[in-house]
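2 protein chains.
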Amino acid sequence: MVHTLTQELVKRGHEVTLFASAGSKTSAKLHSSSPEPLWKSGGDALAWHAIEIEQVVKQSDDFDVIHSHLEFLPWIGGDRFKTPLVTTMHGRLDLPEHRKLLSEFRDWPLVSISNSQRKPVADLNLCWIATVYHGLDLEHMYTLGDGSGGYLAFVSRLAPEKGPALAIKAALKAGMKIVVAGPIHEQDRDYFEAEVKPLAKDSNVEITGELDDSGKNEVIGKAAGFLLPIQWDEPFGLAFIEALATGTPIISCRRGSLPELIEEGRHGFLATSEVELVEACKKVATLDRKECRRWVIERFSPARMAAGYEDVYARLAPTS
Amino acid sequence: MVHTLTQELVKRGHEVTLFASAGSKTSAKLHSSSPEPLWKSGGDALAWHAIEIEQVVKQSDDFDVIHSHLEFLPWIGGDRFKTPLVTTMHGRLDLPEHRKLLSEFRDWPLVSISNSQRKPVADLNLCWIATVYHGLDLEHMYTLGDGSGGYLAFVSRLAPEKGPALAIKAALKAGMKIVVAGPIHEQDRDYFEAEVKPLAKDSNVEITGELDDSGKNEVIGKAAGFLLPIQWDEPFGLAFIEALATGTPIISCRRGSLPELIEEGRHGFLATSEVELVEACKKVATLDRKECRRWVIERFSPARMAAGYEDVYARLAPTS
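These protein sequences, in sequence, are chains A and B. Residue numbers for the first sequence follow the numbering used here, so the first one is 5 and each next one is one higher. Residue numbers for the second sequence follow the numbering used here, so the first one is 5 and each next one is one higher.
Treat the hints loosely; a few may be bogus.
No copy is singled out in the list; a pair is fine if it fits within one copy or between any two copies.
As the list claims (entries may be wrong) - Quick list of in silico lysine to aspartate or glutamate cross-link-like pairs, DMTMM-like style, CA-CA up to 20 Å:
#	residue 1	residue 2
1	K181	E295
2	K15	D315
3	K62	E108
4	K33	D217
5	K104	E58
6	K123	D98
7	K33	E268
8	K29	E190
9	K123	D194
10	K205	D66
11	K33	D206
12	K201	E190
13	K294	E267
14	K177	D315
Read the hints as simulated data drawn from the structure, not as lab findings.
Bound conformation, chain A alone (with noise of 0.2 Å):
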């Protein structure tokens, strides 16, 4: 999300600069703090992220804005940023730990990834300066696939808060094959076990493993639904974009950020129970494929997302 939207500041002629790691691509001014990606280095990534905070207070004087994608960390440095400092909350709000800091640092300018995002602590008096949803690159992935499988997929983490058992279940009673993909992480390997792997058994069932970015592509732009039933209110859920980018209706629950997402009826169906779900399943393959990828372009574009940071910027810093 951040290499989208940089491109695409940069692509509309402003002057930015990346704070991130060495080797990163991008047409931005690139200021590397750490020598190689955090995921890989396996060192002390905190360490980097306060050396990197350390940099951009020193030389906060040079910019018009900072857009922090740091949560909370850089406020620590309170008015030592010579600049004004926006942050885009990524992450879920709901547990105490969020109110309280929220409320110990409730002058900084925030922005959320979705309006349902914020409900947790809509009474904390917060200085929420816009919504602006993720924008997709659709140039070099994401193509419209056909829906001919026939099957329902389900691609994420295979995690009790992501539903796939209930996602099978559901499919199933719809009398249709799903394809379920996705890592398994350590902490749900015993979720895995008890919840989902004996549902396999079903021959309508296919569980593959992890997907690269051309076979999610691939597997999704074949099938009929997107059906991803999350159990937790997600505050965005890009997955659910990159499904209908290749034209596949989505089947979900009304919750978290998905009423923003889509309209109901025209990009798929959001259910409240499992009869719901299945209902959904049966009637997914109704829905115009072309509008859902036309759907992802008119609001979830990178210049609309662009668009949205810069009314955010203009009104952080009015001079400029």
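On the provided structure of chain A, position chain B as indicated by the hints.
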């Protein structure tokens, strides 16, 4: 260590505010940011740290000196702290990010927990104020044992850097029994199965699970020697001090803080090869157990630690 220091400082007449989770036992004034210990809450520990740091910043005027054990995190706050802040570094300093971090934040006063801890960054021009060794409160724990079990004890995490496999091999070559006690963490499971477990077939090897405090005292106090041949440069090594407090001499490797923790030939032996380790096992029982305990009382008492920190505080806040 923070508990022991705080108790001792209060005893010596200082006014101390302890920032810690609710329910912490302390004779200091407790300021609790989180409602329960962070290891218990399972939430976002870092968020609680940020909350706590911000609360310290906001009342930093109230204190003569702030003593931080949160490593580098508070440094992001820079001159927002209205009173001197000194940091005891508790961890290793030999990763690339540590060099970079300390260079970036080079003006912060630091306390090391051993002189050897500073070595990897000795060429950087940092503000080391002192080395202050940890103090051990012997009032309720660590009674003198008689070493009557005749075996060697390895009590620590069963991790490669602690050398349990080497410990067992050395003990067996010396013709001695060894008791191996400690937890096996997830990331060390493969190491344990491949390197440690096969050695346990020998009847002279007993592998127990993790021990509680009184179990530790019992097992170590009855041991002829505490055999923990560390395979990394441990910055301090509280386990060694605890063993000495029960009267049990140390057998380990000549690296990290160890040459600072004991006098070789008096409180234990430090080896540089497996042959030397075996020799040490054979002669460890000849050392004077009471002298080992006396050494801890003299060098690693809460009072000595507190006096060390009083000097540090006085240098930072000379007018108070």
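Do the hints match the structure? See the list:
no.: 1; hint: K181 to E295; result: neither (24 Å within a copy, 75 Å between copies)
no.: 2; hint: K15 to D315; result: within (16 Å within a copy, 58 Å between copies)
no.: 3; hint: K62 to E108; result: between (24 Å within a copy, 10 Å between copies)
no.: 4; hint: K33 to D217; result: neither (27 Å within a copy, 55 Å between copies)
no.: 5; hint: K104 to E58; result: between (24 Å within a copy, 11 Å between copies)
no.: 6; hint: K123 to D98; result: within (8 Å within a copy, 44 Å between copies)
no.: 7; hint: K33 to E268; result: neither (41 Å within a copy, 56 Å between copies)
no.: 8; hint: K29 to E190; result: neither (30 Å within a copy, 35 Å between copies)
no.: 9; hint: K123 to D194; result: neither (31 Å within a copy, 44 Å between copies)
no.: 10; hint: K205 to D66; result: neither (61 Å within a copy, 66 Å between copies)
no.: 11; hint: K33 to D206; result: neither (53 Å within a copy, 62 Å between copies)
no.: 12; hint: K201 to E190; result: within (15 Å within a copy, 23 Å between copies)
no.: 13; hint: K294 to E267; result: within (14 Å within a copy, 79 Å between copies)
no.: 14; hint: K177 to D315; result: neither (47 Å within a copy, 74 Å between copies)
Consistency note: the structure conflicts with the earlier hints numbered 1, 4, 7, 8, 9, 10, 11 and 14.
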